[in-house]
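Could you put the whole structure together from the sequences, leaning on the hints where they help?
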Amino acid sequence: MRHRFGFLVFLLFSLSLYSQQHLSADELFQKARSAAFEHKDYPSAIALAQQALAQSPDYTDISVFLGRLYTWSGNTEEARKVFSSLSDKNVQDEDFFLAYASLEYWNDQNSKAVEILDKGLTHYPRSEQLLLLKAKAQTSDLNYKAADQTVGELLALNPKNTEARELAVKINDLNAKNAIGISYSYSHFDKQFDDDWHMAGISYKRVTPIGSIILKGNYANKFAESGTQLEIEAYPKLSKMFYLYLGAGYSNDVGIFPKYRTGASLNANLPKSFEAEIGYRQLYFTDNIWLYTASVGKYYKNFWFNLRTYITPDRQNISHSYTGTVRYYPKGGQDYFAFQAGTGISPEENRSNLLENETFKLKTFKLGAEYNFSVQKTHLFSVSTMYFNQEFRPNVKGNQFDISLGYTKKF
Numbered sequence: 001m002r003h004r005f006g007f008l009v010f011l012l013f014s015l016s017l018y019s020q021q022h023l024s025a026d027e028l029f030q031k032a033r034s035a036a037f038e039h040k041d042y043p044s045a046i047a048l049a050q051q052a053l054a055q056s057p058d059y060t061d062i063s064v065f066l067g068r069l070y071t072w073s074g075n076t077e078e079a080r081k082v083f084s085s086l087s088d089k090n091v092q093d094e095d096f097f098l099a100y101a102s103l104e105y106w107n108d109q110n111s112k113a114v115e116i117l118d119k120g121l122t123h124y125p126r127s128e129q130l131l132l133l134k135a136k137a138q139t140s141d142l143n144y145k146a147a148d149q150t151v152g153e154l155l156a157l158n159p160k161n162t163e164a165r166e167l168a169v170k171i172n173d174l175n176a177k178n179a180i181g182i183s184y185s186y187s188h189f190d191k192q193f194d195d196d197w198h199m200a201g202i203s204y205k206r207v208t209p210i211g212s213i214i215l216k217g218n219y220a221n222k223f224a225e226s227g228t229q230l231e232i233e234a235y236p237k238l239s240k241m242f243y244l245y246l247g248a249g250y251s252n253d254v255g256i257f258p259k260y261r262t263g264a265s266l267n268a269n270l271p272k273s274f275e276a277e278i279g280y281r282q283l284y285f286t287d288n289i290w291l292y293t294a295s296v297g298k299y300y301k302n303f304w305f306n307l308r309t310y311i312t313p314d315r316q317n318i319s320h321s322y323t324g325t326v327r328y329y330p331k332g333g334q335d336y337f338a339f340q341a342g343t344g345i346s347p348e349e350n351r352s353n354l355l356e357n358e359t360f361k362l363k364t365f366k367l368g369a370e371y372n373f374s375v376q377k378t379h380l381f382s383v384s385t386m387y388f389n390q391e392f393r394p395n396v397k398g399n400q401f402d403i404s405l406g407y408t409k410k411f
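For the record, in the sequence shown the residue sitting at position 260 is 260 according to my numbering, with numbers rising by one throughout.
With a cut-off of at most 16 Å between alpha-carbon atoms, the simulated EDC-like pairs for lysine to aspartate or glutamate come out as follows:
id : residue 1 : residue 2
1  : Lys170    : Glu275
2  : Lys119    : Asp93
3  : Lys216    : Glu231
4  : Lys409    : Asp173
5  : Lys240    : Asp108
6  : Lys119    : Asp88
7  : Lys31     : Asp61
8  : Lys205    : Glu233
9  : Lys170    : Asp335
10 : Lys216    : Glu348
11 : Lys240    : Glu163
12 : Lys160    : Glu128
13 : Lys177    : Asp141
14 : Lys145    : Asp173
15 : Lys237    : Asp173
16 : Lys377    : Asp335
17 : Lys170    : Asp141
Please keep in mind that the hints were generated in silico from the structure rather than gathered at the bench.
Keep in mind that this is a model prediction, so the values were computed, not measured.
Here it is in structure tokens:
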């Protein structure tokens with residue numbers, strides 16, 4: 001009985017081996033794809049692809065797939081051998097250029113990736129995949145002006161390309177080393193305060209290889225009194241996925257501004273065009289106020305969606321605010337319409353002095369819109385309006401109307 005069982009196993013193994021040896025190149029290719037995508041078994045997929053190529057050495061799709069398998073396995077030397085051989089044969093398939101350039105991009109050889117992609121784009125000038133990867137490689141190589149031009153070409157072909165839109169917005173903050181901005185905001189209250197508020201600011205932004213640094217000077221006239229504030233913010237990069245927000249401010253005019261403010265957040269650029277942030281903000285008037293913030297954003301075609309919350313715990317309860325924002329980008333990464341709605345007060349609305357008292361624990365509803373547009377890419381203008389309906393005393397509500405203007409010059 002045992003001999004019969006052993007013979008049966010041997011027979012099945014032999015039949016399986018015989019069957020595999022007599023599979024066509026297409027069938028072996030399909031089995032290699034199944035091993036790679038369904039089972040993540042790259043060694044088996046490589047063996048099957050090699051067997052298929054032994055039958056059909058000029059089967060370009062299988063060679064490209066074998067190069068990808070080596071790339072995914074981390075065997076860059078073998079991957080380069082495969083792609084170099086295809087290049088020597090003057091292969092002109094779009095997927096070849098994309099796979100070869102991806103290998104170099106993922107291994108931080110951005111200039112080589114751009115060189116390969118430029119060759120591909122001579123044959124496929126309208127390829128969205130090649131243009132997108134080229135813009136990514138140029139961005140990683142800190143060549144922001146070239147990346148801005150490339151992603152602009154892509155968005156001209158397809159304004160609803162989600163990844164291109166996300167990249168265009170990020171490049172927008174990086175494609176000029178310097179930027180100077182001025183802003184003005186006006187607030188009118190129908191009940192809560194007798195005097196209108198006026199706020200003005202000036203800022204200087206410097207883009208460095210490790211991230212952006214922003215210096216700000218703010219002036220405000222609130223409650224018929226004036227005050228000034230100095231701020232510094234930085235956005236250091238940790239990796240392709242993560243970067244930080246760090247901020248601090250000081251004012252000697254407590255009540256108009258907090259005496260001190262600090263903030264820090266960890267930001268992540270996630271797959272599928274998602275992004276997220278988690279961090280804290282601290283305000284000091286006569287006591288510390290600690291706020292914890294989190295947000296999640298998503299790019300989808302011409303749109304950007306974001307939901308942010310601020311949580312403020314104290315000894316008795318927890319106050320919270322929520323704000324939803326939708327942006328619509330009609331063309332590049334600088335021009336957009338935005339709509340916003342939410343509840344509660346956040347420290348980033350020039351109303352942080354209201355957080356000093358119990359007002360921020362009462363009910364507040366807000367609704368606003370914003371329009372940002374550029375002229376010749378270096379002149380940026382913004383105009384926004386916001387409406388607040390706030391319970392400034394228990395069961396007593398008032399309205400606030402804000403108008404804000406801004407201008408930034410990049411150079």
